[in-house]
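Going down the list, the protein sequences come from chains X and Y. Following full-length UniProt numbering, the numbering of the first sequence begins with 1 at its first residue and continues without gaps. Following full-length UniProt numbering, the numbering of the second sequence begins with 1 at its first residue and continues without gaps.
There could be a bad hint or two in this list.
Where chains are identical, the list cannot tell them apart; a pair therefore holds if satisfied intra-copy or between any two copies.
[Unchecked claim] Only pairs whose alpha carbons sit at most 25 Å apart, straight line, appear in this in silico DSS-like list of lysine-lysine: (1) K281 x K316; (2) K62 x K198; (3) K277 x K91; (4) K62 x K144; (5) K144 x K93; (6) K144 x K95; (7) K31 x K316.
Hints listed in this document are in silico derivations from the structure and should not be mistaken for laboratory results.
Listed below, chain by chain, are the residues.
Protein chains: 2
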Amino acid sequence: MATSESCGREEKEMEESFPMTGGDGPHSYTKNSRQQRAAAASAKSMLTSGILENLVVEHSSKMFAIADLGCSTGPNTFIAMDNIIEAVTQKCKIKGYSSLPEFQVYFNDHVSNDFNILFANLPSDRKYFAFGVPGSFHGGLFPKASLNIIYSAFALHWLSRAPQELGDVNSPACNKGRIYYSNAPHEVGQAYSLQYAKDMESFLAARAEELAPGGLMIILMPGRPDGTLPSQNSLGPFIKPLESCLTDMVDEEIIRNHEIDSFNMPLYSPSMEELRKLIEKNGCFGIARLETLPPMSVSLPSVEECRSGFGSILRKHFRSEIIEQLFERYPAKIAGKPPIKASDGFTIGLFVILKRNV
Amino acid sequence: MATSESCGREEKEMEESFPMTGGDGPHSYTKNSRQQRAAAASAKSMLTSGILENLVVEHSSKMFAIADLGCSTGPNTFIAMDNIIEAVTQKCKIKGYSSLPEFQVYFNDHVSNDFNILFANLPSDRKYFAFGVPGSFHGGLFPKASLNIIYSAFALHWLSRAPQELGDVNSPACNKGRIYYSNAPHEVGQAYSLQYAKDMESFLAARAEELAPGGLMIILMPGRPDGTLPSQNSLGPFIKPLESCLTDMVDEEIIRNHEIDSFNMPLYSPSMEELRKLIEKNGCFGIARLETLPPMSVSLPSVEECRSGFGSILRKHFRSEIIEQLFERYPAKIAGKPPIKASDGFTIGLFVILKRNV
Chain X
1 MATSESCGRE EKEMEESFPM TGGDGPHSYT KNSRQQRAAA ASAKSMLTSG ILENLVVEHS
61 SKMFAIADLG CSTGPNTFIA MDNIIEAVTQ KCKIKGYSSL PEFQVYFNDH VSNDFNILFA
121 NLPSDRKYFA FGVPGSFHGG LFPKASLNII YSAFALHWLS RAPQELGDVN SPACNKGRIY
181 YSNAPHEVGQ AYSLQYAKDM ESFLAARAEE LAPGGLMIIL MPGRPDGTLP SQNSLGPFIK
241 PLESCLTDMV DEEIIRNHEI DSFNMPLYSP SMEELRKLIE KNGCFGIARL ETLPPMSVSL
301 PSVEECRSGF GSILRKHFRS EIIEQLFERY PAKIAGKPPI KASDGFTIGL FVILKRNV
Chain Y
1 MATSESCGRE EKEMEESFPM TGGDGPHSYT KNSRQQRAAA ASAKSMLTSG ILENLVVEHS
61 SKMFAIADLG CSTGPNTFIA MDNIIEAVTQ KCKIKGYSSL PEFQVYFNDH VSNDFNILFA
121 NLPSDRKYFA FGVPGSFHGG LFPKASLNII YSAFALHWLS RAPQELGDVN SPACNKGRIY
181 YSNAPHEVGQ AYSLQYAKDM ESFLAARAEE LAPGGLMIIL MPGRPDGTLP SQNSLGPFIK
241 PLESCLTDMV DEEIIRNHEI DSFNMPLYSP SMEELRKLIE KNGCFGIARL ETLPPMSVSL
301 PSVEECRSGF GSILRKHFRS EIIEQLFERY PAKIAGKPPI KASDGFTIGL FVILKRNV
């Protein structure tokens, strides 16, 4: 007799977890996710037309399940779920269906995400049943073929972990004196690229199991232009001021060399070509859309935004006494710096719609 | 076109919410739910045989959804879910099915329940997909016919609110100088009984929608013997020491009269007869079992148990400065008091299995 195994959890527990800052204080993701919201808003019409053109919804469907993978604490996820439900409703109306399915929304993020604040802020006029799903999206989270739309916005650039060789002084991929791979030796970028490929492989395999035939997966994520090297990644400019604060603190002997050498941001932004190859290798999805988000200028993260996104991972690695100092230095690093423009050669956002092959 | 309305949430938001104490500190439910666990453990064989005898599970079932309504923060809910899955697995084996369904467990409690601690303690070797469901079980929580087993242990004695007339000095049901209905005028017990009937009506109506045909609802809850008055309720002796502390504090003019007059514990323990009538009135369920749990002696709640269960509701009503004093007095009230025995004339626990009529 086959048993329903422990649902991929062994895999998940080997990983690290770096949730956005919880609560609703000044450093919380709830209060510091304006830029992600603006990017998702710019994609609304692409999302609506993508659903209208590609979604298969049957007249007889009584339930319709949507999952937001890496939803964090809101409010961005609530806006996105409303947009998706609006588009599915529109599709049902166009088809002339006499009734709508009952919508279920599954809000997923790491176990350490602040689900209490997510639940406390659920819109009271929501038109769906709401569920929280704790766990890493690098493993399985749902029963087979149980989801109709999988959505993930600005979460899939988080790797399950930084490649381990980056911190190994004996490896050619050792990332000495840096926390990221911009301007790093080729081997460092390669190590990041390989980790990303491995993570996407397990991500796509899990989602292929969970998405019902005819269902859609909609992904918004940072990406870089085709034909560029990993080291020319689109996230580099946003991480540079933080790295610069840390290297200053190394120069001033506040942080020891080995502390910065062993810290690496587990983030990656693929090129479209790189992503296309990984999707094709998986083989379970057809690519309905793979394009760039409308170009927009993006400000460097404010100190609050930086803390909201990276506070958790920095506190985990560095001694707590240096964290306050770090963020005290940060505002001077970004003062007067202009926003990053798409025309600077960085593709800020990718928009992907995948269809589960029937 | 019919729209999927806002899923009964207007109703739910009118209610009050009194979650068990969260976190994992000394006053937490996680650390103070031993008695509830013992009662559920004593019911394990009834639960297993009840599932084996009554559950309809098809060979073709690929998914099997279980909900625990009023699950609090664990660990009791994890033990119960394992017991249920073990029994369903046993039933599948007896039937000779070649594969098991994929299990989903939906953990439900009020929005203000500590889901973060619930998720952090999810067993790593669990054989199910885990979801959190924030909201009151007095309203709808799930899509139609989406659940195979609904379980609720020691949660359904919580009313959606204390009857409002209890605090109204102009009502014959005004509950002056008491926080509960033991030894109260007939009208007070009646008001509680009516509120319970109203709450069970909405509870059963919601569950009738959500339970799949052939599915089971398993309820453990406090109850009193048939032929007794509401005022002879089984919870009275457990609340008496707390009431006694509060009335002492009124006598000493630490608490004002109106503060205690307007506070009433929103708890009720029905007789089997009373519960049977409400189930029959609803009409969607057949009663497979309605019996008492194995008799056991139950200690009066320790100060930690009392805080874990009632800390939230007391803090909501009384000035915070009296709460510490109240719990300082409490241990003296219970010192040397013997446990409540079933033979004292109180039926401590009811065990109910309902089958959704096909």
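These are the hints, each one checked on the structure:
no.	hint	in the structure
1	K281 x K316	neither (35 Å within a copy, 57 Å between copies)
2	K62 x K198	neither (36 Å within a copy, 29 Å between copies)
3	K277 x K91	neither (31 Å within a copy, 45 Å between copies)
4	K62 x K144	both (18 Å within a copy, 8 Å between copies)
5	K144 x K93	between (28 Å within a copy, 21 Å between copies)
6	K144 x K95	between (27 Å within a copy, 23 Å between copies)
7	K31 x K316	within (22 Å within a copy, 27 Å between copies)
In summary, the numbered hints that this structure violates are 1, 2 and 3.
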